[in-house]
Amino acid sequence: MKTFSPGRILFVAFCVLVLLYLILPILIIVPMSLSSARFLTFPPPSLSLRWYQGYLDDPAWMQATRVTLTVALLTVAIATPLGVAAAYAISQSKLRIMRAIHITLLLPLVVPIIITAVGIFFVYAKIGLVATMTGLVLANVMLGLPYVVISVVAGLRSFDATQEMVARSLGMNRLRSFFAVTLPQIKTSVIAGGIFAFISAIDETIVALFISGGQYQPLTKRMFTALRDEIDPTIAAISTLMTAVSFMLVLVVSSRQKKGA
Amino acid sequence: MALNGTVKDISLQHQRREQGLMLALALPALLLILLLIVLPVGWLAWQSIYHDGFTLENYRRIVNEAIYWRSFALTFEISLLVTVLALLLGYPIAYAASAAPKGWSIVILALVVLPFWTSVLVRAYAWLALLQRTGVINHLLQDLGIIGEPLALVHNTFGTVVATLHILLPFMVLPLYATMQTIPRDLLQAGASLGGSPSHTFWRIFLPLSLPGVLAGSTLVFVLSLGFYITPELLGGGRTIMVSMLVSRNVELYNQWGAASAVGVVLLLGVATIFLVVSRFIPLDRVLGQK
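Just so you know, the protein sequences line up as chains A and B, in that order. With the first letter of the first sequence counted as 1, position 28 gets the number 27 in numbering that gives the first Met the number 0; the numbers rise by one all the way through. With the first letter of the second sequence counted as 1, position 80 gets the number 79 in numbering that gives the first Met the number 0; the numbers rise by one all the way through.
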């Protein structure tokens with residue numbers, strides 16, 4: 000193996016720099032959130048949990064956190080069964096229209112989010128769903144559906160549909176054979192799709208900027224508004240917590256996928 | 000069914016029931032998408048051409064008024080720049096991940112995917128903290144005596160590009176990596192054994208075979224940055240007005256629904272055209288599957 004040619008060293012150095020560019024901005028949030036100083040100085044003068052304390056003591060941030068978690072959980076609870084049902088239909092049916100339905104279900108990923116946001120705002124304004132929990136949850140279910148559909152359609156691709164037919168020929172009804180035979184085998188992709196929908200709901204900002212208001216504002220809307228005004232280290236604390244939550248969820252997905260493989 | 004009794008009819012009936020069941024299963028999800036994205040977007044499109052009668056006034060404004068077409072031009076430039084930079088930075092990373100021994104390859108991919116799963120808002124915040132006048136980078140450069148006065152790194156196009164690129168880079172690396180993994184290494188060895196130098200086998204064999212990944216990644220990055228909102232809004236300092244900001248300002252500040260709709264329709268048509276053209280070369284769900 001030829002090792003340290005100048006070209007190779009240059010290549011590795013370049014890659015290391017790009018990876019640092021990717022990862023440093025995320026790591027920098029952690030010391031910021033733990034600094035006792037109001038402004039960012041390096042290294043932080045001393046460590047403190049005051050920004051976490053400030054976050055936990057602030058009723059407005061707490062209310063926003065409750066809204067975000069409620070919306071995200073309801074989104075998963077609704078988007079996962081809807082998405083699994085649709086993915087099942089897409090992969091089992093030979094109807095030509097299913098292809099069109101499949102593409103339609105992926106639209107939320109294709110249409111620029113600002114257009115979706117303005118469009119939903121316009122419709123909600125007509126039917127009185129602006130600044131309501133229902134409106135926020137419905138919008139997030141719509142945005143989360145493609146993740147469930149993509150993940151479960153991929154999962155069903157490697158599933159042999161004749162197994163379900165065998166179960167049915169042995170006398171199980173359709174629903175039971177789905178739950179007893181099919182679902183256990185695509186469990187990993189269903190869970191992955193659900194978790195992606197959850198993360199998407201926690202992160203969603205732009206639609207919430209338009210349609211949420213009053214007591215039903217999620218964390219991201221409050222963070223966005225706060226960022227426009229000034230840099231408050233409380234946001235570093237919230238960001239660190241949010242990042243920790245997404246990473247843990249991703250770890251769950253990838254460890255399950257490895258087990259499944 | 001009026002006629003039944005023959006085996007053929009029963010199987011036909013069974014098939015119909017099966018098809019009906021499948022449609023019913025897909026219906027709730029489809030309904031939600033139709034009501035919350037197809038209907039609203041259709042409504043916007045209608046609004047952009049109809050206001051007490053048909054009018055193209057909203058579209059004329061995009062062509063005639065500098066604030067509109069400049070914003071479109073700027074959005075196009077920034078998206079192109081971000082795409083090219085993402086390709087230049089992302090290709091070597093994807094190559095390293097596909098060529099490195101397994102352990103390193105996992106480390107590289109993990110470092111690419113970690114930011115992918117961090118909130119866009121969190122990353123915009125991090126860049127704000129890094130790049131502002133009293134931020135980490137300016138402090139560092141001043142302490143090292145490289146600069147006297149803090150540099151204007153944010154609240155301009157530079158800050159927007161740096162943060163947008165950071166957010167979209169994984170969308171380039173992942174499809175590139177997926178394609179590179181399918182390139183058989185024997186081909187490169189065959190090229191080398193036939194006397195090709197490493198750079199020769201790379202340019203003549205590896206690069207052409209990786210082009211589908213280049214196309215998928217570039218499409219994704221370009222289209223996503225065309226519609227980007229959070230980074231230009233937070234890091235652009237009100238000077239970098241990208242198309243998505245034009246839409247939101249027309250709605251939020253001026254209540255100009257017709258103008259906002261027309262801008263949105265043009266943006267959407269642009270995105271749709273790109274996807275249609277690209278889908279002639281690679282399947283669309285392969286492009287979108289990366290997200």
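It is possible that some hints are incorrect.
If you only want the chain A side, here are some residues facing chain B, beta carbon under 10 angstroms, derived [unchecked claim]:
hint	residue
1	Leu106
2	Phe178
3	Leu182
Subject to a maximum C-alpha distance of 25 angstroms in a straight line, what follows is the list of computed DMTMM-like cross-link-like pairs (lysine to aspartate or glutamate) [to be verified]:
hint	chain 1	residue 1	chain 2	residue 2
4	A	Lys125	B	Glu17
5	A	Lys93	B	Glu251
6	A	Lys186	B	Glu17
7	A	Lys125	B	Glu251
8	A	Lys93	A	Asp159
For the record, the hints were derived by calculation from the structure and aren't laboratory data. Note that the coordinates shown come from a computational prediction; the quantities given were computed from them, not determined experimentally. Cβ atoms here follow ideal geometry from the backbone N, Cα and C, with glycine treated the same way.
Here's how the hints hold up against the structure:
no.	hint	verdict
1	Leu106	holds, 5 angstroms
2	Phe178	violated, 14 angstroms
3	Leu182	violated, 14 angstroms
4	A/Lys125 with B/Glu17	violated, 38 angstroms
5	A/Lys93 with B/Glu251	violated, 45 angstroms
6	A/Lys186 with B/Glu17	holds, 24 angstroms
7	A/Lys125 with B/Glu251	holds, 16 angstroms
8	A/Lys93 with A/Asp159	holds, 15 angstroms
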